[in-house]
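Chemist: The listed protein sequences derive, respectively, from chains S and Y. For the first sequence, position 44 matches number 43 in numbering that gives the first Met the number 0, and the numbering has no gaps at all. For the second sequence, position 147 matches number 146 in numbering that gives the first Met the number 0, and the numbering has no gaps at all.
There may be inaccurate statements among the hints.
Claimed, not checked - Taking lysine to aspartate or glutamate and the EDC-like style, the derived pairs with C-alpha atoms no more than 16 Å apart in a straight line are:
#, chain 1, residue 1, chain 2, residue 2
1, Y, Lys-94, Y, Asp-42
2, Y, Lys-94, Y, Asp-46
3, Y, Lys-116, S, Glu-130
4, Y, Lys-94, S, Glu-130
5, Y, Lys-116, Y, Asp-92
6, Y, Lys-328, Y, Glu-168
Just so you know, the hints here were simulated from the structure itself, not pulled from any lab data. Being a predicted model, the structure only gives us computed values, none of them experimental.
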Amino acid sequence: MTGAIAHDEAQQLRAALDDLLRSSPDISDNARAAFVRLVDVLEANRDAVVFAADETVSTQQAAALLGVSRMTVVRLVDRGELHVEGGAVHRRIFVSELARYQAESSRRRRSALAELAGDIDQDTPADRVIETR
Amino acid sequence: MTTPDPADSRTALLDACALVPIRLATTLLWLAEAGLFEVLWSDAILDEVERNLPTLGVSPERATRRVAAMREAFGAAALVDDFEHLIPNMTCDAKDRHVLAAAIRGGADTVVTFNLKDFPPASVADHGVEVVHPDTFLTRLLAERPGDAIAALRRGTADLRNPTQTLEELLASLTATVPIFANLAADVAASPAESPSPVAALVSANPQETVAAFGELGDLTNPAQVALAWWTGIITDLDLTRVLTFDLSAWGDYQWAVYMLADKSLASKVLPAVDAPGRVAFMRFIPEVATTAQVFSPYLTAATFVTLIRLWDGTWRVWGLGPSMPAAKDVIGADDFVPGGGTALVLEWLTRIVEPNPPVELIWGSLDGPLRLANAQSWLMATDEAAANGARRDAVAEQLAARESTHPRFGEFFDALLARYRGVYSEVDGKPCLVGATETVGVDLELVVFSSEHYVGRHEAAEPFPAHSFITRHIGNGEWVIAANARRIPVPGWPPTEVLPGLLIDGN
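With these hints in hand, go ahead and build the complete structure from the sequences.
Modeler: Spelled out as structure tokens, the structure:
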């Protein structure tokens, strides 16, 4: 996938941001990180959507943002993996909660998949299709 | 956080059989991690994976650890539960009802499994779920997002440590389970600069370009030319097709191939097998359509693959035809098997016999004992008027027939033999070319047929062309000798005679 901004442009933006942020010491660390993150995301993706951290979304919107089906969001909520606000009918999820879940789950996924890959070594017999039961 | 494309919304439930082969499972999960699809499974499926991993040589402890890592990786997001109440409504094979029920409960659009036959179309039609083979599933993901798929595979491959592997090595190991995906992914990875989809690059829209893309006419070292000539023969002249077929016995009267290739065209792109790039290659027949430039659906569903094998002399033959690609080890054998070791000897022999002073140890020394003796006997009967004395002529024949003969008349004998051979093989003209492939005619005997490269792959329809049979014999340690310059084995005597070689094949 090509990003919305090319690598060269992204580098220029980072340098400019760096200068600006340096000359504005009052800006909070979180806000600084958000600016830098926006450049990263636009370099790697076609588009970005910015939310206020205390904004909430529906389970349907959460599914689209996480790139999973609505059924999966419902499951995640039911099991307490995603915290929701509101009653059983119109459940809303804080965008900050989605960001937390995504960061956590992708970190966990990466390390578990690295472990799976580590299972493949020179003694691992060749793959073969078997009838499982 | 970004908004995913509609294409990102694939949700696939992976059946246990797709998760048991370790490399395949890991590959699928890398693509899920990269967001190419959303993965679903159930406790029942993961338990089945854990139970069956030991069948593939994974210890039970390791199997437990492995499945725990899978759970950990995708957590509650992948784990479908509360589907038990749906099981009784399922009509697929009884042991797979929990799989289909979990897919429906989880909102999956696809079930990925090797057991297509256990999910008859009628059992899934009403549920909005498609059951697909892992090879089909992965090939679709590759076609939809080739760049992302290859990037995900490269990132994952970097985690392989003991030993480290290249992407190509990983893909080679995947040909055992998902050969189409493995070979196409290798092709996409090797040509990143080409079109964003691997589809367009495979077919040219311009007929003239298409013809040019197949290379020089009749060049048998070019697999595209061999496939093109083989296919032309299917339509116009089966003899041409037979000459370019590796093993005739697999093809019968070719009617099934004629049927399979009706209304299809040969795409010019040659795909080297990722697990044996120099030895095996594939080409694709695709349905004929008016504009061929951007064919998408045939790539996914209706391709027919022709498999080609390279012989030791660098020329190619058609090995097989079908909806899938075989793993290279199924084409060339699991060992490093060189087809027809004796064939290489005959090639050398026919190539050098036209030299002004060919090496005696090759032309004469390559002949098997009985053939040398029978040659000596024939020559003595034709030239030696004293050959009437039985005891003496046996002694002379044996001395002449020694591999390193020191008999005073050997030079004269050899010159006569050489002249005779040159006459017999005159139209080969030092440019031998194998016709078809070798055939086993005895425990250690192979029959090979040679013609001149002047004829093979170029002859006009229905016109016979000269060819010569040889029987080669394996004498151990990969060493071969020429046992006969014919289809029969010589039997020394006065005069020498011939017999059919040793195997009673099909009672003959």
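Chemist: For every hint, state whether the structure bears it out.
Modeler: Checked hints:
no.	hint	result
1	Lys-94/Y x Asp-42/Y	15 Å, holds
2	Lys-94/Y x Asp-46/Y	14 Å, holds
3	Lys-116/Y x Glu-130/S	12 Å, holds
4	Lys-94/Y x Glu-130/S	12 Å, holds
5	Lys-116/Y x Asp-92/Y	9 Å, holds
6	Lys-328/Y x Glu-168/Y	14 Å, holds
Of the numbered hints listed earlier, not one is contradicted by the structure.
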